[in-house]
Structure formats: structure tokens, C-alpha cells
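2 protein chains.
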Amino acid sequence: MWSGPINRREFILSGAGFLFQIGRIKESLIIRSEVPADFETPIPLLDRQWLTPNDLHFIRCHLPIPRVDLNTWNLTIDGEVQQPLKLEMQDIHRFRETNQTVTLECSGNGRVYSDPPVPGLQWEKGAVGTARWAGILLRDVLNQAGVKPTARHIIMNGADVPPGSVPDFVRSIPIEKAMHPDTILAYHMNGVDIPIEHGFPLRLVVPGWEAASSTKWIVNIRVSETEADGYFMRNAYRIPNRPVAPGTAVDPKDMIPYTALDVKSVFTSPLEDSTTRIGSSIELRGFAWAGVADITRVHVSTDFGRTWTAATLDADKAKYAWRRFRHVWKPTQPGSYIAMSRATDSQGRTQPIAARWNPAGYLYNVIDKVRINVQG
Amino acid sequence: MWSGPINRREFILSGAGFLFQIGRIKESLIIRSEVPADFETPIPLLDRQWLTPNDLHFIRCHLPIPRVDLNTWNLTIDGEVQQPLKLEMQDIHRFRETNQTVTLECSGNGRVYSDPPVPGLQWEKGAVGTARWAGILLRDVLNQAGVKPTARHIIMNGADVPPGSVPDFVRSIPIEKAMHPDTILAYHMNGVDIPIEHGFPLRLVVPGWEAASSTKWIVNIRVSETEADGYFMRNAYRIPNRPVAPGTAVDPKDMIPYTALDVKSVFTSPLEDSTTRIGSSIELRGFAWAGVADITRVHVSTDFGRTWTAATLDADKAKYAWRRFRHVWKPTQPGSYIAMSRATDSQGRTQPIAARWNPAGYLYNVIDKVRINVQG
Numbered sequence: 001m002w003s004g005p006i007n008r009r010e011f012i013l014s015g016a017g018f019l020f021q022i023g024r025i026k027e028s029l030i031i032r033s034e035v036p037a038d039f040e041t042p043i044p045l046l047d048r049q050w051l052t053p054n055d056l057h058f059i060r061c062h063l064p065i066p067r068v069d070l071n072t073w074n075l076t077i078d079g080e081v082q083q084p085l086k087l088e089m090q091d092i093h094r095f096r097e098t099n100q101t102v103t104l105e106c107s108g109n110g111r112v113y114s115d116p117p118v119p120g121l122q123w124e125k126g127a128v129g130t131a132r133w134a135g136i137l138l139r140d141v142l143n144q145a146g147v148k149p150t151a152r153h154i155i156m157n158g159a160d161v162p163p164g165s166v167p168d169f170v171r172s173i174p175i176e177k178a179m180h181p182d183t184i185l186a187y188h189m190n191g192v193d194i195p196i197e198h199g200f201p202l203r204l205v206v207p208g209w210e211a212a213s214s215t216k217w218i219v220n221i222r223v224s225e226t227e228a229d230g231y232f233m234r235n236a237y238r239i240p241n242r243p244v245a246p247g248t249a250v251d252p253k254d255m256i257p258y259t260a261l262d263v264k265s266v267f268t269s270p271l272e273d274s275t276t277r278i279g280s281s282i283e284l285r286g287f288a289w290a291g292v293a294d295i296t297r298v299h300v301s302t303d304f305g306r307t308w309t310a311a312t313l314d315a316d317k318a319k320y321a322w323r324r325f326r327h328v329w330k331p332t333q334p335g336s337y338i339a340m341s342r343a344t345d346s347q348g349r350t351q352p353i354a355a356r357w358n359p360a361g362y363l364y365n366v367i368d369k370v371r372i373n374v375q376g
Numbered sequence: 001m002w003s004g005p006i007n008r009r010e011f012i013l014s015g016a017g018f019l020f021q022i023g024r025i026k027e028s029l030i031i032r033s034e035v036p037a038d039f040e041t042p043i044p045l046l047d048r049q050w051l052t053p054n055d056l057h058f059i060r061c062h063l064p065i066p067r068v069d070l071n072t073w074n075l076t077i078d079g080e081v082q083q084p085l086k087l088e089m090q091d092i093h094r095f096r097e098t099n100q101t102v103t104l105e106c107s108g109n110g111r112v113y114s115d116p117p118v119p120g121l122q123w124e125k126g127a128v129g130t131a132r133w134a135g136i137l138l139r140d141v142l143n144q145a146g147v148k149p150t151a152r153h154i155i156m157n158g159a160d161v162p163p164g165s166v167p168d169f170v171r172s173i174p175i176e177k178a179m180h181p182d183t184i185l186a187y188h189m190n191g192v193d194i195p196i197e198h199g200f201p202l203r204l205v206v207p208g209w210e211a212a213s214s215t216k217w218i219v220n221i222r223v224s225e226t227e228a229d230g231y232f233m234r235n236a237y238r239i240p241n242r243p244v245a246p247g248t249a250v251d252p253k254d255m256i257p258y259t260a261l262d263v264k265s266v267f268t269s270p271l272e273d274s275t276t277r278i279g280s281s282i283e284l285r286g287f288a289w290a291g292v293a294d295i296t297r298v299h300v301s302t303d304f305g306r307t308w309t310a311a312t313l314d315a316d317k318a319k320y321a322w323r324r325f326r327h328v329w330k331p332t333q334p335g336s337y338i339a340m341s342r343a344t345d346s347q348g349r350t351q352p353i354a355a356r357w358n359p360a361g362y363l364y365n366v367i368d369k370v371r372i373n374v375q376g
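First to last, the sequence lines map onto chains Z and B. FYI, the working numbering numbers position 74 of the first sequence as 74, with every residue one higher than the one before it. FYI, the working numbering numbers position 130 of the second sequence as 130, with every residue one higher than the one before it.
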């Protein structure tokens, strides 16, 4: 672990708990908030590879990163079960291992594009990343505890602790998603122990759903007849149950929890306001994802959205992971153009032209646009 | 003619010249400028009919409306011709009569939607209208004068006179468009003498081209080897010869004259931010036009631009006139939706999703959008 002298900034970043090695991270990522640690991946760094390296993966924390001691750590399963469990890490490793390559996206990714603006971290396009998570099936653990017929939800809590009057970050997911054979308790991220900022030693990974369901530093799973009752289920991570006019104040009771991700694509290259030359070929590329659905095609336009061409989808593929798309454009006329990308998924969904606005700026998935200047 | 007492406002509206009967017009139209008289048709008034009544047709003047006396009025044809002509109205009526139903649109219609904003009259959607123009073929007059082989353009001037240092409003069109069998010198608008504010007693009607080419109060046509040399050809009514980045200052020499209209559609009903109820059928309708091309279809979306349905095109049709489109929508869910319209023409052109910005805000033809609120 990191062992140099602690300067004030690094101490602040560690919050009330465990220090994480921020040397490379703080140079690479965009700091949206220092405490809690909310770091966005710059788009050029996402562009480099299909799997996002651990130290380039966006970081979203609601509370200070906790201190974790494996000697005392355990995961408890209680509530509507036949047999409550208290599992140490050696118990976790006795379950069969599995893995999933998953695109995790913050519900608020793209919030900065909300019009009118909405409060919250002003994420641009990079609060999303894809990693290969290894761990065990959550259902194997739940089956060992013996879920009662009354179970409808699981309520997850992490080792992170709220300071002062901040509400604890507690989320729940329906029992069906918890028992789904693809939902895992992960201990490895891209082949190594999960870094502390990503949930060491164990986190939930709920594939295809917004990232807030994938509880980090998980220490308790309570099987319940009802969903979690706190701020982060009753107020946050909810979207209006109908499209609302921009700027509307919506009562949380007229909102529903946001679960699976929508269909979306973003360009990773070129960047906004890039320059190229006529006669040169420029590769337009990016990623498209659709939560629990599959990306079936991505179309690209280079003429302000008048005409569209199917992009090539890379071979790299996993059930819950983004697809990289590519389209080579050879501009023949100088000028300033807008390239657009529009993904379509296996549920027939496609990206909208105009936003379905909501008070927290969740789900932003309007067709992506980048301006490209072509010199003569 | 109008004969009541003149109040100051009506006197101002008359400018330096002929008074026009503004009683109904000033109550119906949106005043964008009093002098010169620039009045926009409110969209609900456009919605009522395929042909726009004379007193509801938008008015665009660059200079004060001139005083016209038929006893002294004449039209001269000179320049690169075998035989210069001086025609009185009785001479005009000796040519064979023809007519054209034409959608005239101000080049700056929709300018208010430019982002970043641009200077000029801040037209919304209603600087457009359709009238049936009767008159004579311009080519018949030009043939009588005998156009020389050196002729490349005709330069048109009206009886309107610039005050002070304002440049005169003089435009030219290429000889091919002037000799086109659909280009007319009109004396009737929708069956009556052209109202003074629309060009009495004679105006050019250049079908399919931006309205600034259709010179009002025309008194001189000069056949020329070159296009007109003044402000309104060298500086105004020009668009960049390539798409430019928003906010760019573009040298007029890197611009080209704007001629034929682009493909466009606008909703005339419902209006922005309208309200309806689930279970009720609401008719979405509007007009689509494409200058010298034909409208082949109009698609409508009611789901933020994700999916599109072909609208019905009304039977009313003329070569250079807009087509009315209709689409019945029966919303089944409450909420606030965005309806969009997108026209496609016989040249394969379709409306863009994002604007090709230009310094004067000409040609705005992004797919139209109106918000519709559906109550439960």
C-alpha cells in the first residue's frame, strides 16, 4: 500500500477512512468532487481500449471512502432468510467463481447537458467505464441463507459511513434481480483485487443497471419485504413516471426508481471541435451500450443529421458491455460539420433527438454530437 | 382607399410614401419593425387555410413603402437589350396573362432560433405565406425588348426610395431564372390588385426562390452582364460557401447568394406548449415546402424523435406551393412530449437535426418541434 508522506490534499481525498493511491488517478481523471471522491474519465482515455483500466475507471462515491481491515471484515446476510449468515473473505472464496464484463454508468452521466440545468455533479460523457468483474453469484449466497417466500427486495449497505447529518447510502434491488444468475459479489476488477475506491474488498455488480445499484464495500445484505426506505431510494435515483416539461418540480411519489440503463452512444474520437483536412480519412469511433439489452447497430451522420450510415461494430463483445463502433469519414469539402451517433438496441429502442428532461438529469441519452472542422 | 384621420402611428407606418390600410393588419400580425414595415403572420392564422389571405400574409420591406400614382407609373427595361422599353400598366395588360401559386419565404424566417443569436429581424416561424399571383411572363417582356447574348443577369429596382444613407434595395437574378417560364410580373394577389404593402401595382414573383428576389413596386429592370453591385447582393442575402462554426465572422467574398429555398416544415397546430388529454385525438398539422423542388413526404414523431410516422399530405398542391400535412395522434400516456416534423423533397433533401449556422441566420430549417402536454 501507499506509504509516502501524506500531504493535505491526499489526506482530504482519503476522507474519514482508507487512503487510496491517487498519484496517477489525480493526474488522469477529472475531479468533479474531492470529498466524496467523484472523478470522471476524460474521453480520450476511454478511447484507448475496450476494457477500462482500473486507474482510469470513473469513481463515484457518496460518502468518504471507508477504511477496510480484512482481519475484521465480514458480510452479513439477514432479514427474510431461514439462516442469517456472517461470511469472512475465506467463506466468500468457497463459493464457485464467476465473472461478468460490465459497463457501469452513473445515472447522472451527461447531466451537464440538461436544459434547463439541474443540480448535482456536472458529469460530461465520461462517468462510464467497462471492467471485467470476478466474484461469486449473489444467488448462491442468498440460497445458502435460504430466502423466505416473503422476500421482495434486498437492501444493501456498504462500509462507508455518513458524516454528520448526511443520509447513509443505502439502495435496494428487487429479489428477482438479486437472484439473477448474472448478478455477482465481485472481489476482482480486471484481474486484480478491487481497488479501494472501487469497493475493496467486495462489491455488488448488478449488470445492465445504473451503477448506483452496484454497492461498493458491501458489508450487509438484508432480505426484505419492502424496498429500502432512505433518501437514496425514496428521493434520489428516481425519474418521473411520465415525461415532464423542463424545469418542472416533481414530487418523489410521482417518480419511479431508475433501474436498467437506456440505449446510448458517445463518440470517443474525434473530440468536440476537432480539425481535419479534406482528403484525409478520419475515423469516428466511440462506444454504445444498452444496459440489459444488446446494441444491434450504431448509425453515424456527418451532415447535421440529414443522412445516416451504419458504423462497424468491433468484435469485442460481452452481454452487458458496450460495443465499440467505428466509421471512416473522408470529407471532400471544407467547412465546419457536426457528426452524430445514434445507437439502436435489441429492444427496438433508439436514442432520441431531444431530451426527456428530468429534475436530476438522469438517463441523458440524446444522440451524441461532435463538431469537426475540415480545412481545405 | 383608406380615408379616415391619420394618427401618428399610422403615419409612421406609411413611411415616406403611400398609406396602406393597416386597420386589420396591425391587429392580426406581429410587428417586428414599424419602419420599414416588417410584419410576421402568427402561426394560428397561417393554420386556417392553404392560401394565405392578403391581409394575413407576412410583410417584408427594406425601405418605407413608396407612394404610387398609376397616372405616372411605368416600368422601364434597359441595359443589354436591343430595344429599351417603357411600359405603362395598359401595356402590361396587353401581354398574355399567367399565374402561379407560390410560397414566399423570407430568407431570415426562423432567425430567432440561431444559436448563437444573430442580428436582424427576429422572425419566428411566420415570415412565410402562399398566394396565387396573376400577371404576365417576365420572359415575354424581355423577349419584346430583345435580350442581347451578353446578358447574364437582370437587376431589379422598385419605386421604394432609401432615406438618407441607407443603401437602395436592389437585387439581381441570373438571366436563366428571369427567362424561366414560371417567373412572372404579377399585378394580382389572390384575385385582387396587389395591396400596396405587397408591391402594388406590379412586382416580380420568382417562384421557389427566397422572397427577396421577388422585387416589389418594380419600376426598372436592367439587363446586365454582371449581377447587381450594391449592399443587398454583395453583403446581404449571402450564405457561407461552406458550413462554418457558430459565431464565425465570414467575409462576404467567402459567401454565395442565397437563391432557391431549402426543404422545410413547420407545425401550425398545435402550438408550442399546448395541452391535450389522454384518449383524445389531436391533429398535428402544418406546412412543408421545398422551393423549386417538390415535397415527397413529411414524417412526424411524438416520442422525442425516436420513431417517425408518415403524415398525410393534403390534396391542395401547386408546383411552387407548400403542402399541408396532417397526423392524428391519440396519446395513451400522460406527460410532456415533443412532437417533431421532418420533410423530405424530390431532390432527396431532408431537414437536419442541428443547424448549419450562418452569420445572418438565413435558411433556418432544422426539424420543427412543439411541446405537447398530455393530461391524465
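No lab work stands behind these hints: they were computed from the structure. Any given hint might turn out to be false.
Unchecked claim - Here are the simulated distance ranges between beta carbons:
1. Z:P42 - B:E283: 44 to 50 Å
2. B:T332 - Z:P149: 31 to 37 Å
3. B:R277 - Z:K253: 18 to 24 Å
4. B:P167 - Z:D314: 54 to 60 Å
5. Z:D254 - B:P167: 56 to 62 Å
6. Z:P117 - B:A310: 55 to 61 Å
Note that the structure is predicted; figures quoted are calculated from it, not measured. Beta carbons are placed, not taken as given, at the ideal position from N, Cα and C, and that holds for glycine.
Structure-based check of each hint:
Distance hint check for P42 (chain Z) and E283 (chain B): the Cβ-Cβ separation is about 48 Å, which falls inside the suggested range of 44 to 50 Å. The hint said 31 to 37 Å for the Cβ distance between T332 (chain B) and P149 (chain Z), and at roughly 35 Å that hint holds. Checked against the given bound of 18 to 24 Å, the beta carbons of R277 (chain B) and K253 (chain Z), roughly 22 Å apart, stay inside it. P167 (chain B) and D314 (chain Z) have their C-beta atoms about 58 Å apart, which keeps the hinted 54 to 60 Å range intact.
For D254 (chain Z) and P167 (chain B), the Cβ-Cβ distance of about 58 Å falls inside the hinted range of 56 to 62 Å, so the restraint holds. Here the CB-CB span from P117 (chain Z) to A310 (chain B) is close to 36 Å, at odds with the stated 55 to 61 Å.
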